[in-house]
Structure formats: structure tokens, C-alpha cells
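If you read the protein sequences in the order shown, they are chains A and B. If you read the first sequence in the working numbering, its first letter stands for residue 1, the second for the next number, and so on. If you read the second sequence in the working numbering, its first letter stands for residue 1001, the second for the next number, and so on.
Simulated from the structure, these hints should not be mistaken for laboratory data. Positions of the beta carbon are idealized from the N, C-alpha and C atoms, including for glycine. Careful: at least some of the hints might be erroneous.
Partial list, computed: chain A residues near chain B (C-beta under 8 Å) [as the list claims (entries may be wrong)]: (1) Asp18; (2) Arg46; (3) Pro54; (4) Ala55; (5) Ser59; (6) Ile64; (7) Glu70.
Negatives, chain A to chain B, calculated, CB over 10 Å [claimed, not checked]: (8) Pro23; (9) Arg26; (10) Val110; (11) Leu111; (12) Leu115; (13) Asp169; (14) Asp249; (15) Ala261.
Counterexamples of contact, computed for chain A against chain B with all Cβ distances above 12 Å [stated by the list, open to error]: (16) Ala114; (17) Ala116; (18) Glu167; (19) Gly241.
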Amino acid sequence: MSHDELPLRAEVASAYLDGELEPDERAAAAADPETMALVDSLSVLRNALADVDPAAVSSRTTAIAAALAEFDARRDTDVAVPAPVRAPVTLFRRHERNRFALGAAAAAVVLIVALAVVNSGGRSDLESSSATPPAESAQSPDSSRKAAPAATEAPSILATEAAGGPEIDSPEALRQYAAATSAMDATTAMPATAGGSSATTPLVPTTTIAAAGTATPGPTTDSLPCMASNDLFLGDITVVGEPAYAARDLTTGKIKAIAAADCRVLFTVAP
Amino acid sequence: MTAAQGGDRGALDQLLRRHYDRVHAVCRRITGQEADAADAAQDAMIAIVRNLDHFDGRSSFGTWVYRIATNCSLDELRRRKRRGVVMGGEDDIAHSDLADVGSTVRIEAIGDHLALDAALRSLSDEYRLPVVLRDVADLDYAEIAAVLDLPPGTVRSRIARGRAALAKALSSPAGNQPTNPERPSRAT
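Work out the full structure: start from the sequences and follow the hints.
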């Protein structure tokens, strides 16, 4: 018998153990003591294979929690208005006059500062004292954001790309980050603009925000990929070293960590 | 399962809890190590959630779950290989001479579970997987064939050969001595 051949008795015994023999085959096997002895041995083997120590409670809990977190994240993603993954969506729609007024004020401040530096070697002659430099008016508390945009750029409260913010390593950390962000938002009201319009209105999303997928034309500095129309951007964060965004779903109140690279919802936590 | 597919979180929780232990057991026997088994089982739980909408009922839910568990276990083994972890003997015991297994192999008890793990590791995937799915997951030949995309006849022969190889490896004096005959049986 070659090394590759398995004795028929062994295969019959195995199939007998599994109940996979035809009735006549089964009867023939039952009548063979050698085959039945092998069946007994294979039964001992099967019982030993099935006798697996149960998983640690922590492993079990962690695995199921991770799966449910995935379920929550996918459900929240489905709730958002469907959109191409990287379609830029305007998060807020401030009053148009406010936006342009703010831009004009920022440009004026920059010009004045530049002239002052050129003329007097540093003497600042700020006449629009009510126009706080746009970088300081940012409501986002993310202290790890990149340096303020170039002076000639229109001000933006939102970064156009995730620069990598504080490391968030758990849903609870995300919740705390969101709470801290909200607290800072409440104490850092947007200053009045030089335009004289009622620009002290805090940034709020409006119900007229364009549905995701139908990007609203506007300054791209207000656009942020991965945000759905009912998402409120909270700040740049980092999750396991991966740049991400923190956002609040204004429909459900839940806070999400969204990967900047591909807009995956990494995890979601209730407020 | 239908409720879970419909978005019922509580139903999904129950479903996952009901299948976790068996999934873990399959992963444990395929990967051979508890740490890898825990990782593979967690990956399987997540994959179940991600793909739940794609389960169309053509197979039983259990079969579908074990296919996921098997794939996750194999992925974990590949990751282990990439980490350079030694897998075990390179000689597949299923390809050894089994001519005498029909008449000489006798196992009365397997007390040394380390020996069982070692014997399993010495079995290649093509034989270990069907044996584990039969003896741990309790799938029948048709279900195993569906999981592994094999003809049922091939499943039957590979299970037989895999078992024979394990039985021969464990029937040697070193592998067949119960080291803890008083070890309680696994609670069901």
C-alpha cells in the first residue's frame, strides 16, 4: 500500500462516526470489530477537539462590544444623507453678509497691519478695533490645529483638512472631547464683524443646508470632506495615529470619529 | 437574525452572544493559540455585522458564520506568518504513512491538550479546517463543503485523512497518556 493511500477501514470509520454512511455501509461497518474500535478512537479524538477552553470573559465582552460599535457606526452613517465619500459639503451656511463682511474685515486688518509695519517699523495702527483677527475668532477649540491660514486667505473656522489633533483612543475620550469642545464654544462667541451686521450669531447649521451630494457653491474654506449635511464639525482629532474628525450628528446627538483619509466612521458614542 | 438584519440592536447582541463561543472554539482550533483565537473571533464578530445585510439565507446562518470564522482565523494565521512566528512542523502529518492507521491506532483518552494542539499544528490547513469544522463546529459534510468550497467527497476524504493523522500522532505513548485524568469535562 502506498504512503498516499488511507486504509478504507479508516475512511469508513470516520464516515460512520459522522453518520455519513449509507444504511448498508453502516451495517457492514458495525459488524467489523476493527472498524468499530477505530470509530471509538476517533470519537475520543472528536471529544477532545470539541473540548475547547471557553474564551476569557474580557475577550468575549470586547469582541461583542466591538461588533456592536461597528453596528452603531454603520447605522449612523446610513442615517446621514447619502453622499459621495469625498464630496465637499458646506457645513454651515452663515448669513452671506456676515461671511463677506468678515472676509472684508480680515483683509482690511491685514492691509492695515502690513502698512503699519512698512511705514513705522512696527507701530500698529489698527482702526478697525472691533475686527478681531480671524484666526482668533475661530470657535473651534482645537489647539492642535495647524497655524492660522495665510493672512490673505478668507477666514475659516474650519480646517480644510484634518491636521491631526488630540489623540482619541476610546469612545469615552471622544465624548469628553466633544463636551470640552462644546463648553469652549459656549464661551468663545464670534465677535461682531466690521461690517456692522448682526454677526454675533453663533455658528449654527441651518435647515436649509444643501443635501450632501449637492454641494452648495461657496467658499471652499468652509467645506470639509466627510461631513454630512447634518454633521457639526467639532475638531480635528487623531485615532490610533490616524487623522480624523470629530463631528456631532445633529439629528441624533451622537458624536462620531471619522477617518479623514476615507471618511470611515471609526466609532460613535452617545453624548 | 431577521430582526438583527432589520436594525434591531438588541437582537444583534443576542445573536452575537449566541454564536460567539462556538466561533471562538473554531478559531482556537484553527489558530492553535488563545491570543490569536481571541483576535480572530473579534474580527469574525465585526465581519458578521458588516456583512449581515448580505446574508441571503441560501445557507444556514451557522454555516455562514463559520465561513466567516474560518476566514478570519486564516487571516490571523497569515498575519502570524508575516510576523515571523514559527507555525510548527513543516511536515504535514496527513501526508505521512497512514497505512497502518486502520489496524493499529487506538486512543482511549487524550489528556495532554498541548499534544493535541501540537498535532493540530502539524496538520496542513487543507486537512485541519474540515476536521475542525466537523468536530468543533459540528457541521455536516455538505455544510463544510459549502464553507470551504469543496466537493462533499473531498470533504469526506480529507476529514478521514486528517483524523487518521491526528489519531496516529496521538496514539504514541507520549501523546496518549492522560496527564490529568480528573480534568473536568467542558461545561456546556
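Hints and how they fare:
no.: 1; hint: Asp18; verdict: holds, 6 Å
no.: 2; hint: Arg46; verdict: holds, 4 Å
no.: 3; hint: Pro54; verdict: holds, 6 Å
no.: 4; hint: Ala55; verdict: holds, 4 Å
no.: 5; hint: Ser59; verdict: holds, 4 Å
no.: 6; hint: Ile64; verdict: holds, 5 Å
no.: 7; hint: Glu70; verdict: holds, 5 Å
no.: 8; hint: Pro23; verdict: holds, 17 Å
no.: 9; hint: Arg26; verdict: holds, 14 Å
no.: 10; hint: Val110; verdict: holds, 49 Å
no.: 11; hint: Leu111; verdict: holds, 54 Å
no.: 12; hint: Leu115; verdict: holds, 59 Å
no.: 13; hint: Asp169; verdict: holds, 17 Å
no.: 14; hint: Asp249; verdict: holds, 16 Å
no.: 15; hint: Ala261; verdict: holds, 18 Å
no.: 16; hint: Ala114; verdict: holds, 54 Å
no.: 17; hint: Ala116; verdict: holds, 59 Å
no.: 18; hint: Glu167; verdict: holds, 22 Å
no.: 19; hint: Gly241; verdict: holds, 19 Å
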